[in-house]
Amino acid sequence: MIRQCLLRNIRSFLSVFAVVFALIFSVGMIALQLSACKNDVKMPVTPTGDSTMPDSGTINGVSESIPVTTAGVSSLPSVAPSELERFEAYVTGPFDTVTKMIILAVDQNEFEDSRFFVEQELWRYHRLFDIYDDYPGMTNIKTINDRAGSAVACPEEILDLIAFGIECEERSHGRVNIAMGSILSLWHEARTHSNANPSQAFIPDQQALEDAAAHISIDDVKIDREKGTVTLLDPKMSLDVGAIAKGYTVEKIARALTDRGFRAGALDAGGNVRVIGHNLIKNTPWRIGINNPIENANHSIIEIVEVADRSVVTSGNDQRFFVYAGKRYSHIIDPATYQPAEYHDSVSIITEDSGLADMLSTTLMMMTEIDGRTLLSSFPGCEALWVHGSEMTMTEGFERYVAGR
Amino acid sequence: MKDKLDVTRDRRVFIRSRDFFVLFALIGLALVLFFVTWSTRTSSASVAKIYYDGQLLEVVELTSGTERDFLFDVDSSIVIRQFADQSIAFMASDCPDRVCIRSGKLRRPGEFAACVPNHFLIVIEGVAQFSDWEDVDLVA
Numbered sequence: 001m002i003r004q005c006l007l008r009n010i011r012s013f014l015s016v017f018a019v020v021f022a023l024i025f026s027v028g029m030i031a032l033q034l035s036a037c038k039n040d041v042k043m044p045v046t047p048t049g050d051s052t053m054p055d056s057g058t059i060n061g062v063s064e065s066i067p068v069t070t071a072g073v074s075s076l077p078s079v080a081p082s083e084l085e086r087f088e089a090y091v092t093g094p095f096d097t098v099t100k101m102i103i104l105a106v107d108q109n110e111f112e113d114s115r116f117f118v119e120q121e122l123w124r125y126h127r128l129f130d131i132y133d134d135y136p137g138m139t140n141i142k143t144i145n146d147r148a149g150s151a152v153a154c155p156e157e158i159l160d161l162i163a164f165g166i167e168c169e170e171r172s173h174g175r176v177n178i179a180m181g182s183i184l185s186l187w188h189e190a191r192t193h194s195n196a197n198p199s200q201a202f203i204p205d206q207q208a209l210e211d212a213a214a215h216i217s218i219d220d221v222k223i224d225r226e227k228g229t230v231t232l233l234d235p236k237m238s239l240d241v242g243a244i245a246k247g248y249t250v251e252k253i254a255r256a257l258t259d260r261g262f263r264a265g266a267l268d269a270g271g272n273v274r275v276i277g278h279n280l281i282k283n284t285p286w287r288i289g290i291n292n293p294i295e296n297a298n299h300s301i302i303e304i305v306e307v308a309d310r311s312v313v314t315s316g317n318d319q320r321f322f323v324y325a326g327k328r329y330s331h332i333i334d335p336a337t338y339q340p341a342e343y344h345d346s347v348s349i350i351t352e353d354s355g356l357a358d359m360l361s362t363t364l365m366m367m368t369e370i371d372g373r374t375l376l377s378s379f380p381g382c383e384a385l386w387v388h389g390s391e392m393t394m395t396e397g398f399e400r401y402v403a404g405r
Numbered sequence: 406m407k408d409k410l411d412v413t414r415d416r417r418v419f420i421r422s423r424d425f426f427v428l429f430a431l432i433g434l435a436l437v438l439f440f441v442t443w444s445t446r447t448s449s450a451s452v453a454k455i456y457y458d459g460q461l462l463e464v465v466e467l468t469s470g471t472e473r474d475f476l477f478d479v480d481s482s483i484v485i486r487q488f489a490d491q492s493i494a495f496m497a498s499d500c501p502d503r504v505c506i507r508s509g510k511l512r513r514p515g516e517f518a519a520c521v522p523n524h525f526l527i528v529i530e531g532v533a534q535f536s537d538w539e540d541v542d543l544v545a
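So the sequence lines, in the order shown, correspond to chains A and B. Heads up: the first sequence is residues 1 to 405, going by our numbering. Heads up: the second sequence is residues 406 to 545, going by our numbering.
To be clear, the hints were calculated from the coordinates, so they are not data collected in a lab. Among the hints, erroneous ones may be present.
[Stated by the list, open to error] Partner residues aside, some chain A positions facing chain B, computed with beta carbon under 10 Å:
(1) E88
(2) T92
(3) D96
(4) T192
(5) H193
(6) A266
(7) L267
(8) N272
(9) N296
(10) S300
(11) I301
(12) T314
(13) D318
(14) I350
Here a beta-carbon is modelled for each residue, glycine too, at the ideal position from N, C-alpha and C.
Isolated chain A, as found in the complex (with noise of 0.2 Å):
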């Protein structure tokens, strides 16, 4: 009887068992795809900025329809991380580049005030900053250099870059000089035109070149910031801020994301990254990516790095460059022989001012590895990574922003 009864509760037990192994195996399925999904969340692509391009020297409307909501912005309540979602946009145009944003937000209207205030911003620099094209009502770059030797009032914006172009032209021993756009200009052109007619392409004329060098004395770019005006007092002299302009604007726009209460979130300035925080989601630091500067490589990213309150900065030849005679002339020209710069594929620095890390990429694609290393040792906090053909090599702190390390 007792036996009887127990083989009848065994056997209901399995029954049992066997439906409840089924019921969470199907669950279990399903869960695991969902949560596939959810990691993979699609995520809101607002690509903006063309139709407020720039173009010919008008000025556009710069989404003026986009709703805008800036109350309690800098007052942002803090919420649980599954609270937040992540966005991404684009802004194509200024600083002739593709700038990409990541935003953490808890809605789309808290995305939406972060995303017109990046882009306003980022076409609002631009101008500033622009030596191309001139803008009604607007004093830019361009605007002091029509006006080479005679005194130009020109915004706080533009007398504070200028100021960090000189600062950056004796902390790179000469290597980043805003006041070479004489140079800059005559390789801009060979560079555009060999392009466009690779069978018609050519160099600049060394004896040009050489001329042009007697005008980009640094010494003569002179700032009141008293009356607040620019003066080259070369009039054949031009500035150009290439080197500089888009890692300071984007060191600019994270630092007034900051004081405005941005949560979290990163920006790409073609090259250029700069995270604000770190990923709140997953409560992890931002995975940046290096790119591999060597074309057709089996890998498009040769190393990955954790970062957070980070700028991650590279310069390189693979992308803006032109091929003369069958050798390659990248468009990063050091002032010290007015060619380009050939130690290195590309060179990567970490640090925490973007516009530091842009200048300082920039002035280590122009020495040698040791050389480069020397320099570095003046810049606390800052680290670099260097990429030459197949061979990698980096700075003990930068190691330690690898991922995996």
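Once you have looked at the hints, place chain B on chain A.
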């Protein structure tokens, strides 16, 4: 007596055939649901969205084995090619620096490339089937 023995024998069978039927039916249902969601996920894994002036022009599903060129009325100088290896790239443009072409093939969700002078942008979206090695937020 015989009936009593049969009942006893019957009770000694721990799981009857109908229990197995229920068990296999539920496992089968689970597998079907798994493969349905898996296949749906894969089919939407990677798409390339092509924008012109901020407007979406084309959504290209990056399926394996498909290779074709995309030409556009808005700018005849631009050629974008979808490759059989589930990637896409700018192939031709009349822009000064050819940065768009030199951006190379795009395949990883999150990758993007733009032809700024011609107002074209390609963004890869979808579910990443990548390894940890490729799982990055941005590339510098």
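Do the hints match the structure? See the list:
Annotation: interface hint on E88/A holds; nearest CB of chain B at approximately 8 Å, less than 10 Å. Checking T92/A against chain B by beta carbon gives a least distance of about 5 Å; that is within 10 Å, so the hint holds. Given the 10 Å rule on beta carbons, the hint for D96/A holds: about 5 Å separates it from the nearest Cβ of chain B. Below 10 Å, beta-carbon pairs count as interface contacts, and T192/A has one with chain B at about 4 Å; its hint therefore holds.
At a threshold of 10 Å, the smallest CB-CB gap from H193/A to chain B is about 9 Å, leaving the interface hint in force. For the restraint placing A266/A at the interface with chain B, the shortest Cβ-Cβ distance is roughly 6 Å, inside the 10 Å limit, so the hint holds. Contact between L267/A and chain B, as hinted, is supported at the beta carbon level, the nearest pair being about 9 Å apart and thus within 10 Å. With a least beta-carbon distance of about 7 Å to chain B, the hint placing N272/A at the interface is held under the 10 Å criterion.
Because the beta carbon of N296/A sits about 7 Å from the nearest beta carbon in chain B, less than 10 Å, this interface hint is met. Below 10 Å, beta-carbon pairs count as interface contacts, and S300/A has one with chain B at about 7 Å; its hint therefore holds. A hinted interface residue such as I301/A counts as satisfied when its beta carbon comes closer than 10 Å to some beta carbon of chain B; here the least separation is about 6 Å, so the hint holds. Satisfaction of the interface hint for T314/A is found here, the shortest Cβ-Cβ separation to chain B being roughly 5 Å, below the 10 Å cut-off.
Taken as an interface hint, D318/A checks out: its beta carbon lies about 7 Å from the nearest beta carbon of chain B, inside 10 Å. For I350/A, the suggested interface contact is upheld, since its CB lies about 9 Å from the closest CB of chain B, less than 10 Å.
Against the hints set out earlier in the document, no violation occurs for any number.
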